[in-house]
Each structure stands twice: as C-alpha cells, then as structure tokens.
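Trainee: Protein chains in written order, with the UniProt record's numbering: chain F, 1 to 401; chain H, 1 to 401.
There's no promise every hint is true.
Just so you know, same-sequence chains aren't split out, so a pair can sit in one copy or run between any two.
Taking lysine-lysine pairs in the DSS-like style, the calculated list, with each CA pair at most 25 Å apart, reads [unchecked claim]: (1) LYS225 with LYS99; (2) LYS224 with LYS376; (3) LYS99 with LYS224; (4) LYS225 with LYS342; (5) LYS224 with LYS212; (6) LYS99 with LYS212; (7) LYS342 with LYS376; (8) LYS376 with LYS212.
Derived by calculation from the structure, the hints in this document are not laboratory data.
There are 2 protein chains.
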Amino acid sequence: MFASSRSRSTTRAGVSITSTGSPTQAAGAFIMAGSPGICGVDPPSLAPVPEEWNIPATRPPGLVIPALLRMMAPNRASPLAPHPTKGPAMSISVVLHPKLPEGVREYVSALPGLQIVTPQDDEGVARALQDGGEVLVSFIWNESYLSPSLKWVASPSAGFDQFPVAELHARDVVITTGAGVHADAVAEHAFALMLALTRNLGTAARNMAEAKWQRPLCDEVFGKKIAIVGIGRIGDAFARRLDGWGAEVVGVKRNPATYSGPVEVIHPVSALREVCDWADILILTSPAQVDGSALIGAAELEALGAGWIVNIGRGSLIDETALIAALDSGELRGAGLDVFSKEPLPADSPLWTSPKVLVSPHVAGSTPAFGKRYVKVFETNLAAYRGQGEWMNLLGRDIPL
Amino acid sequence: MFASSRSRSTTRAGVSITSTGSPTQAAGAFIMAGSPGICGVDPPSLAPVPEEWNIPATRPPGLVIPALLRMMAPNRASPLAPHPTKGPAMSISVVLHPKLPEGVREYVSALPGLQIVTPQDDEGVARALQDGGEVLVSFIWNESYLSPSLKWVASPSAGFDQFPVAELHARDVVITTGAGVHADAVAEHAFALMLALTRNLGTAARNMAEAKWQRPLCDEVFGKKIAIVGIGRIGDAFARRLDGWGAEVVGVKRNPATYSGPVEVIHPVSALREVCDWADILILTSPAQVDGSALIGAAELEALGAGWIVNIGRGSLIDETALIAALDSGELRGAGLDVFSKEPLPADSPLWTSPKVLVSPHVAGSTPAFGKRYVKVFETNLAAYRGQGEWMNLLGRDIPL
C-alpha cells in the first residue's frame with residue numbers, strides 16, 4: 001500500500017482497515033508523498049480531483065438515475081436491478097482479497113474516498129463482508145462471501161466461471177471483470193509458449209539438469225497457418241503481434257458477425273473441425289464454455305494432426321485425456337499449456353512428464369503492469385457505482401454470459 | 001537424397017558418388033519422380049532447364065571472363081584471383097560434408113550437372129577432396145581438407161571464423177557463406193529465448209521434473225527498450241518481428257552509415273556502454289569479433305542492470321565469467337544463450353545450473369526449410385562458378401572480413 005501521510009489506519013486480528021480520507025485530501029497526500037512506485041511500475045497517475053466532485057455527501061439520489069437506467073437498458077442481459085449507490089464523497093467499504101494480481105492492492109488502495117479492508121485470509125474476507133463490506137475485489141469466490149451488504153464483485157480476472165453469477169445477480173450484486181486488462185500479458189505468454197514449442201525450448205530447459213547437449217530439429221512460425229480459437233481481446237493482441245512473422249492467421253468465434261478486430265478471416269465455432277484440419281497451430285484464447293464442455297477433443301486433435309496447440313484460455317476447453325492420447329500415440333507435435341482442468345495440475349498428471357508438453361503454472365496474465373492497468377477499469381466502475389458514468393466490463397451486458 | 005530413376009550411383013568404402021547426369025535429364029527425372037519431399041518441406045522447385053543451357057561442353061573460355069572480372073572489381077577486398085571454371089554442361093565434383101543442416105544434402109544432390117560425393121566421415125571428406133573434389137559444401141573445416149583440386153568452399157553457415165580464410169584465399173579458393181539463409185529461423189529463436197526469459201518458461205520447464213507448481217511474476221516485452229547488437233540480416237528479421245509488440249528498438253553496428261534496414265536508430269559500437277545503460281533487453285546477433293574478443297563484459301552488464309540478454313551470435317561475444325558473476329551477484333535478470341565460448345557447453349559450466357539461464361544447444365539456425373532456402377544461394381553461386389552470373393555471399397566482397 002502506498003504510504004500517505006494523511007491516511008488513517010486501524011487494525012484488528014487479521015484485518016487492516018485504512019480510510020483513504022476525502023478524495024481531495026487523499027489525492028493531494030499521494031501526490032505530495034511522491035511514492036517511487038512498486039516493482040518498477042510508475043506510481044498511479046492521479047489526475048487532480050475535478051471541482052465538480054466537491055459536492056455535498058447528501059447529493060440528491062435522483063442524480064444517479066441516468067446510470068441506473070443505462071444498466072436497465074434493453075441490451076442488458078443480466079437480472080441487474082438498481083440498488084443504493086453513493087455519491088462521490090461518501091466513503092465506500094472495499095474488501096481486498098489477500099490473493100490479488102501484482103499491484104492491484106497498491107493501486108486500488110491509493111484511490112481516494114475508499115475505506116480499504118485488507119483481510120489476511122479467507123475467513124477474514126467473509127467477516128469483512130458480513131461487517132458491511134460493499135465491494136469485493138477478488139478473482140476467488142467462496143460461498144461464505146455472500147452478505148447483505150455486498151453490492152459489487154470487482155474481479156480482476158477475465159474468466160468468471162468461478163462466480164455463482166445467477167445467485168449474485170438475483171441478489172442485485174453487480175459483477176465486473178478484468179477482461180482486457182490481461183490482454184497484452186496473456187498474448188505475450190501465448191506467443192512465448194508457441195515459440196517454445198516450435199524451437200524446442202522446453203526440452204532444452206529440461207536437458208539442463210543433466211548438462212545434456214542435444215540438438216533437435218526446430219521449426220518456424222514463418223509460413224505456418226495459425227488459428228486463434230475464441231478470438232477476443234487476447235486473441236486480437238496475439239494477432240497484432242503476428243504482424244511481420246509471415247504466418248497465415250484466422251480467428252474462430254461463436255458469432256463471427258460481431259467481430260471487429262484485426263484478423264481478416266473469422267470462422268464460426270461450427271467450422272472448428274475444418275479449421276483444425278487447415279491449421280498448423282491452434283491458440284486457445286476463449287473463456288470456458290457455458291456448460292464447461294471441451295471445444296477440442298479427439299476429433300479436433302486428429303484433424304490438427306502434426307501441429308501444435310497452445311491453451312491460455314481455460315483448462316476445460318481441451319479434453320485432457322484426448323490430448324494425452326494425441327501426444328503419446330498421435331501426430332500432435334506439442335502442447336503449451338497455461339491452464340488445466342484441475343489447478344494446480346495434480347502431481348500424477350501425465351502432462352508433467354510428457355516430453356512434448358510445456359506446463360506453465362497459470363501465469364499468462366502475470367505482469368508488473370497489472371495493477372496500473374486494472375485500476376483504470378476499477379476507477380471507471382467506481383464512478384459508475386457512485387452514479388457518475390458508465391459501467392465497464394459489466395457481466396451480463398458488456399461481457400455476455 | 002531424392003530418388004531419381006535416371007541418376008547413376010557408385011559407392012566405395014564410406015563414400016557414395018552419384019552423378020546427377022546432364023542438366024536436362026536430371027531435372028526431368030526429378031520432376032517426373034514427383035518426390036514428396038522431406039520433413040514436411042516441399043520438394044525443390046526446379047524450373048525447366050533453359051534452352052540456352054544446351055550449349056557445347058567446350059564453350060569458349062572467353063565467355064566466363066565477365067564474371068571473373070566482376071570478382072576482381074575494386075570493391076573486392078579478398079585476394080581472390082581467377083581460376084579455371086567450367087561451362088554449365090561439365091560435371092562438377094561436389095563433396096558434401098556428412099554434417100550439414102537439414103535438407104542441404106537432398107536439395108544440392110537434386111541439382112543437375114553435379115557429381116555428388118557423400119563421404120561418411122572426416123577422413124572420407126579429405127580423401128574425396130584429394131581425389132579431385134572441387135567444391136566442398138561444409139560449415140566444418142579441417143586442415144586435411146586442403147587439396148590442389150579444391151576451388152570453392154560453399155559454407156551453409158553465416159559465421160566463417162572456423163575457416164583459414166587467408167590461406168584459402170592465397171590458394172585462390174573462393175569461400176561463400178550461408179548468410180541470410182538462417183535469418184528467419186535465428187530471429188525466431190532469438191525471440192523465443194527472449195520471451196522464455198520474460199515469461200519464466202525455462203523455470204517452468206525445469207519445474208516439471210518435480211511436478212512443481214510455482215507461480216513467479218512474469219514480465220512483458222510491451223514497453224521495453226530493446227537493443228539489437230551487431231544488426232544485420234538476422235537483426236533486421238528480428239526487428240521486423242517486433243512490429244506490433246510496443247517495444248522501443250535500436251540497433252548497434254560497426255558502421256551505422258552502411259545500415260539500410262527497418263530500424264530507425266542505429267548506434268556505433270563505440271556507444272555500446274550507453275546503449276546497455278538505456279536498454280532493458282540486449283539481443284546479440286553479430287558474428288565473432290575479428291580478434292575473438294568479447295563485446296559484452298562486466299562494464300556492459302553492469303550498465304544493462306536489471307535486464308535480460310540473449311545471444312544467438314557467437315559465444316565469444318560475451319565474457320562468460322563476467323556473465324556468470326552478473327547472474328549470481330549482479331542485477332541481471334536472465335540470459336538466453338544459444339552459443340557459448342566452448343561448444344558443446346562443458347558439463348561443468350555454471351551456466352547449466354543457473355536458474356536465470358536458458359541453455360539452447362546452438363540450434364537457432366535449425367529449420368526444415370533450410371535446404372530449400374540454401375540451395376537458392378548455392379545455385380546462384382554454381383552459375384557463377386560456371387561463369388554465368390554474379391557470386392552471392394562471397395567472403396571478402398559481399399561479406400566483409
């Protein structure tokens with residue numbers, strides 16, 4: 001948490017509560033403190049608080065209606081209903097889960113007008129929410145987190161299958177995600193996995209333990225056919241990075257008509273088998289299927305043939321039994337996996353020992369810049385929560401269920 | 001070697017000699033055979049033999065003079081002198097070293113008008129050259145290869161520090177290299193090493209042996225400052241692949257004025273220390289220094305600080321003792337190395353066990369497409385050898401010593 005000479009902290013067993021004071025005070029304090037930032041990341045750039053924010057805490061509730069009306073507009077697919085929101089000068093109780101991506105705690109804590117609660121464990125999170133916590137910043141869910149005061153789950157993750165979405169929406173709890181915040185890091189990680197496969201770097205790294213100088217034939221991305229399955233913000237970021245690599249790229253998307261990114265050819269999911277047949281490399285970037293079923297099974301892997309597969313989406317997208325069979329006795333040349341049907345990957349999984357597999361421990365979204373980028377989404381949504389603007393990454397509206 | 005119903009083979013202990021017949025016959029035979037190619041690579045696309053090639057074997061020697069004159073032009077820095085060359089229909093004895101990159105043997109053997117000799121070992125190579133071999137295709141050199149009949153060393157490698165260049169030139173032996181043929185593969189390998197460092201894939205791969213699910217903080221290339229040291233064809237291929245990655249790129253070159261590639265800012269080698277100070281990531285792509293000295297020592301590594309270094313140039317470019325010190329006790333975040341001062345890397349080298357190092361066994365140039373690309377350089381030079389055009393990648397002229 002950034003040091004601020006004007007912030008007030010109190011603690012009790014396992015929980016730290018910090019009030020960041022009034023917006024003007026906190027912002028001023030932060031800027032004066034000149035904190036050097038964390039992990040090589042610049043400190044959050046807080047714009048001077050606009051004059052309009054200096055309005056009474058008892059701002060008439062009527063002023064927040066436009067935002068709520070937008071939430072209730074016809075394109076809203078979730079059962080969201082209006083719920084009490086607060087004006088900008090009212091302190092909002094924000095519970096920060098102890099497990100958060102790099103920098104999220106620091107950047108969110110530096111925002112003005114929040115009462116930040118930082119429990120140290122799962123029980124502490126549940127207690128803080130029972131004690132009046134309104135906003136939960138967490139990509140982890142536990143049923144003990146449900147509380148009458150909870151109004152908004154602000155997840156930093158792109159996926160949301162961990163949340164009981166229907167139940168939360170039935171209780172008028174807003175859910176927002178971190179979709180897009182990860183895109184650059186995840187795209188780079190997918191690229192790293194792809195190149196590690198074509199250049200046999202996993203084998204090279206594993207050979208180091210025995211000082212083994214073994215020179216395999218490597219391959220190139222140049223001239224290859226690449227299919228980005230479930231193309232969205234991450235897939236677009238991946239595709240942009242393929243500029244200058246001399247590869248052919250197509251995307252696969254549930255509804256190609258809604259696509260507006262940089263890839264010229266988008267196929268519907270119904271054509272996935274044919275796409276696998278065409279492709280040399282599959283990059284899975286989609287969230288989990290609604291029913292948790294696999295997109296890539298034995299038939300798709302057989303169609304892919306002597307190619308490679310990279311998964312940075314969700315473990316459930318691949319039928320792991322079929323994958324292992326394709327690696328062991330099929331033509332598949334390699335798999336770079338950041339996500340698995342069960343995480344952490346169980347110690348007895350054959351994926352750990354397959355020479356064609358590179359196991360990456362679900363770190364595709366990891367980046368020192370995460371907090372800095374996520375706080376922009378959070379700030380936008382904080383304003384919406386206060387009735388001062390549009391929600392962003394709203395599950396059930398911006399993010400289809 | 002591609003099967004051809006019209007080729008004639010003879011063998012003796014350890015050596016296979018195949019005459020590929022007259023140009024027209026061999027090309028026709030190859031096309032008719034419809035060979036499926038090797039390693040997923042298309043078979044060489046041999047254009048129909050031009051009508052002009054059907055000229056007498058006793059073509060007047062005067063016709064080859066223009067090519068020789070070009071070789072003797074003022075921009076030629078090597079002591080090359082004219083030597084007997086042959087007309088297109090005269091069979092040329094070509095010795096293929098047993099160790100050649102993927103596909104070179106097959107593609108060169110498929111060329112018309114050559115007497116291909118394929119010794120199985122070092123002694124066989126020497127014997128074949130003493131027996132009248134004119135052309136040696138090899139990136140390996142042994143002093144026993146010197147012979148009165150040797151006229152042209154056609155190396156598939158980009159580096160040439162393994163050859164006794166002065167001695168060969170004094171004997172009027174032409175040396176050509178494979179510069180540029182590797183560029184795409186090497187650039188992709190350098191990129192793979194860079195991303196494996198920023199995404200900690202080496203550690204992830206090494207953790208697989210223990211089924212260890214350890215989640216480090218990863219980093220991004222996005223926003224990083226990258227210096228390509230010794231920028232040339234490989235560096236340019238690397239820089240083009242950085243399009244769309246949001247990184248800042250500069251090149252470092254002995255003589256920036258001669259640069260005409262895609263990178264906008266090129267610094268002289270004299271500014272290397274300042275470049276290291278500026279950069280987050282160093283990519284070494286240059287050949288060895290003339291005197292074999294290191295470009296990157298303790299001072300440069302200290303200037304680089306908490307960055308990464310990738311070397312796909314030559315092992316001698318980095319002072320390995322200084323590198324190990326910077327990894328062990330300095331700020332350096334990681335090194336991705338494909339080349340080493342001694343290869344294979346000795347089993348007792350601390351580089352094998354450093355958790356920040358990814359050891360790649362000198363395979364950056366490895367690609368199934370190598371033979372297909374190299375044969376284009378070889379064909380061009382074969383024509384020049386026959387007095388029918390310009391040499392390409394000529395050491396001492398196109399490739400500065």
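Trainee: Each hint should be assessed against the structure and marked as holding or not.
Mentor: A quick look at each hint next to the structure:
In this homomeric assembly, LYS225 and LYS99 never come within 25 Å of each other (Cα to Cα): the closest approach is 38 Å inside a single copy and 31 Å across copies. Taking the shortest Cα distances, LYS224 and LYS376 sit within 25 Å of each other only across copies (21 Å), while inside one copy they are farther apart (37 Å). When the C-alpha separation of LYS99 and LYS224 is checked against a cutoff of 25 Å, the pair qualifies neither within a copy, at 39 Å, nor between copies, at 27 Å. Within a single copy, LYS225 and LYS342 get their C-alpha atoms no closer than 30 Å, and across copies no closer than 37 Å, so neither meets the 25 Å cut-off.
For the identical chains of this complex, LYS224 and LYS212 are neighbours neither inside a copy (30 Å) nor across copies (33 Å), given an alpha-carbon limit of 25 Å. In this homomeric assembly, LYS99 and LYS212 come within 25 Å of each other (Cα to Cα) only across copies, at 20 Å, whereas the closest approach inside a single copy is 39 Å. For the identical chains of this complex, LYS342 and LYS376 are neighbours neither inside a copy (31 Å) nor across copies (50 Å), given an alpha-carbon limit of 25 Å. Taking the shortest Cα distances, LYS376 and LYS212 never come within 25 Å of each other, neither inside one copy (47 Å) nor across copies (34 Å).
When held up to the earlier numbered hints, the structure conflicts with 1, 3, 4, 5, 7, 8 and fits the remainder.
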